[in-house]
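Can you build the whole structure from these sequences, using the hints too?
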Amino acid sequence: MLDTEIKITAELAAEHGLTAEEYARIQKILGRDPNFTELGIFSVMWSEHCSYKSSKVHLRRLPTRAPQVLQGPGENAGVVDIGDGLAAAFKMESHNHPSYVEPFQGAATGVGGILRDIFTMGARPIAVLDSLRFGPISSGPSGAKAPNHVPSLAGLKSGPPENKQDSRVDEETIARNRRILDGVVRGIAHYGNCFGVPTVGGEVQFEPGYSANPLVNVLALGIAKKEDLFFAKARGVGNPVIYVGAKTGRDGIHGASLLASAEFTEESQQKRPNVQVGDPFMEKLLLEACLEAMQTGAVVAIQDMGAAGLTSTSCEMASRGGLGIEIELARVPQREPGMTPYEMMLSESQERMLLVAERGREGEVLKVFARWGLDAVEIGRVTDDGLVRVLHHAKVMAEIPSHALAEEGPVYQRPLAPPTPVAAQTRLVEFGAAGANLTENFRALLAAPAIASKRWIWEQYDYMVRTNTLEAPGAGDAAVVRIKDTKRALALSSDGNGRWCRLDPFIGAQLAVAEAARNVACSGAKPMAATNCLNFGSPEKPEVMWQFSRAIDGIAEACTALEIPITGGNVSFYNETLGRSIDPTPVLGVLGMIEDASRALGMAFRAEGDVILLLDGNPAETDTTKNPAQEFSSSEYARTLRGIEAGAPPAVNLAAEKRLIALLVALASDGKLQSAHDVSDGGLAVTLAESCFASDGLSAKISLTSEEPDEAAVFGERGARAVVSVTPENLAAVLRIAAQYDVAAVQVGQVARGEFRIELNGRTVVSAEVPSLADAWSGALGRLLN
Amino acid sequence: MKFGVVVFPGSNCDHDAYYALGKILHQPVEFVWHQSKEINGFDAILLPGGFSYGDYLRTGAIARFSPVMRAVEKFARNGGLVLGVCNGFQILCEAGLLPGVLQRNAGMRFVCRQVHVRVETTDTPFTAAAKSGQVLQMPIAHGDGNYFCDPATLADLERHDQIVFRYTTPDGREDAAANPNGSLANIAGVCNRGRNVMGLMPHPERAVEAALGSADGLVIFRSLIESLTRQAALSA
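Protein chains in written order, with my numbering: chain A, 2 to 787; chain B, 267 to 502.
None of these hints come from the bench; they were simulated from the model.
Computed from a predicted structure; not experimentally measured.
Everything hinted at is true.
Pairs of lysine to aspartate or glutamate, DMTMM-like flavour, derived with a Cα cap of 20 Å:
1) A:488 x B:475
2) A:54 x A:264
3) B:289 x A:85
4) A:227 x A:486
5) A:485 x B:296
6) A:368 x A:293
7) A:485 x B:475
8) A:396 x A:379
9) B:289 x A:486
10) A:702 x A:756
11) B:268 x B:296
12) A:54 x A:544
13) A:368 x A:379
14) A:234 x A:327
15) A:396 x A:6
Right, here's the structure in full:
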């Protein structure tokens, strides 16, 4: 049957994911029934993934303006001014569902998609970070006692989880999680390494809730001269519309609408054909050709064909320019014969771009693409009637007002309701007796996958190509890349904590902002802008929307307090399988600037005899003894050693975070610090140990005083704290400057050789040789995954 | 003196090599497009790292047929200095300009890390400025760096002093743990019999600034520059 003969009904619309109201709205916009191609076009453009219909009303609450912001949300990427006439374009995006269905290609095309978003703005990608979340990969301390039970997919039951406590993660699930991790890492490596962009950082977390819905969030950063920036806004009636890059095939049809905008069921593996297949070599050619073509001055606008392919590029470019676009599908380079207009408009074949050139100068553009051996074909023109008109062999197959399609989609104020607390989650940590030997617990904590060294992963990524990487993965709290031909460097960190957001999405989201900003500051950089990737369950559930709304409020408050504008990002809903949502997981990517690249700081201790200071922005009157079990029960230690995930996230103090960040930036730019590392997962003990592991065989002798229970004092994760080391000569100056910034600087010990030792109130609570601790930490992932 | 950096479709260390030669070593340097049929006016040619032609089929297998490789072969035959780094090394082996092949890493995974290599011979234009036995720290970043050749070829390489670099520990000991990819006899780089063509898996162009982890790669470029200067003085 030909597309034109298919009868359009409300049922068919429903199969396309459109509600009755949405279908009625389409009829009203068109003044008639849509045909099959038009129905497909509306269904992808109005999908949750493309239209942000459930999130829009909330995203408006985020702060997006600041003098350094050249482009806020709404373009392919956010852009900030980084001085020297340069601009940085950066954005984070998710590729969660494809990475579960087909880990290698799902993750690979996730990298490819965000890279195109960056170079479509005229910026050459210079760094990628990946925030990854998987189900447990071990049945060790954390896995066996994991409180969130997710059985194998075959055994998954629908409905809300019952008693979450004391269930086990079975071997089959663990094996699958390992395969998913392996495939995702290989996919990222395959794409990024071949494309030639360094993968410089990120994070990896493990929680049972991600077993059947891993998260793959990719952040890309690019730089361009300010005057060379490009935008996706069609101009000039009569200008040619040119298709460039890979040929269009039948892959990825309905990737955005069916894969990204619906939850998983038992049949989800059958969606494998909806996953696109990436070709990083093609993308590399596309990058070089696009940047070269832009230099000719003959390109007016350009947009990559990502989600919803030809449909979204044509209608968004037309809509932004207040114009129309007419394309002839017969001219589209096709991978296989017999493709219908519906298939061509909805294909998500990768490595394709649509651009508008200046009439009369299209030859200059076509010549560049020919030189790089790429297809470049004029498939249409810009019109003045405001319509996206799709022709196939001169016959009109679709005719839709571009603005209505792109901007007048449904917007929902969905109902919100706080989830009912689960009684089983209220069991809190009972602290061990003072003086108990914590060294073995410390060793187990260091080997927990969430804390252990991620070298096994990042060594598979080329993190050095382009020769800008000043702080490689594992070297500092943030990744640092210099900007060639300037004195400056940029720092990036991406962070989030789904467990904390499950316990309190408002505070959890604030802590994500604070940690990313603190990490950037620990590298010596002043935070200047942020992107986010908001991973949540189904927006049709009031409790998920409540989590989302609270997380947005948290991000908004923290970003406002820390003066970090949000310049863009991505919302990923429907992260659930058989009715069970993931933990709400907002991930924040913060970009910072180091004025003098030679001042970039790492976490490694540098010299024996250096003084170790704990910088603490929290006010002295902070009562840490009031209810330590509440906060400590949400820590990595509680989860790993006790199998407890309960209580509340650490209280957040944004003013304290702001003071600490300002101090770190000031000290780093003065060259007063030897190292800096924030206190986060695993608390002070893990922070200190990591500074030893990163060093050249150094150790630390620490002496603390605290009124908290031993475990909370050593492994607690309260924010606004960082461990720095300073030379004895700089100590007085550092103490003086810290006082000026109203940040406590407590001398807690010395960089040493030999045994790693922490004394608390005069008693030794942790003591071990560094190599034995380092072995537990550095070898853990390899032992689980090789 | 002028250096040429070949750009294949998919080369991605071309800019890094250009930067190292031009900005760090202050040498005249130009890109050479893969469709060039002639190499004129260059004193040394560098084949950079990357994924030429996507490295589909086999690393370097397609690049060797590109027009520029005919010109590189001719250039090498006439005694021109050719340095292949990573993918460039793979291409030189595929093209038959260097003996041996580069297989998948023994661990079957891409590996990016700092490694140490020992200079096995200073009797090449690429290592003349180094000390024999000197250990250099340079990064590797490859999935196919596992050097292999048959026993006869290996004996030949040994006999003619063609093994230029071996993977070692930081203090120069050759052991299995120091071998990042399973290479035969820890071989990291070899030269041809004429000693004017060399390939290595580590990236000297990434090791020219201490701020990026190591400046040990400079000795390779300085050797090249000194050799060319000497050549020029002789022919003058």
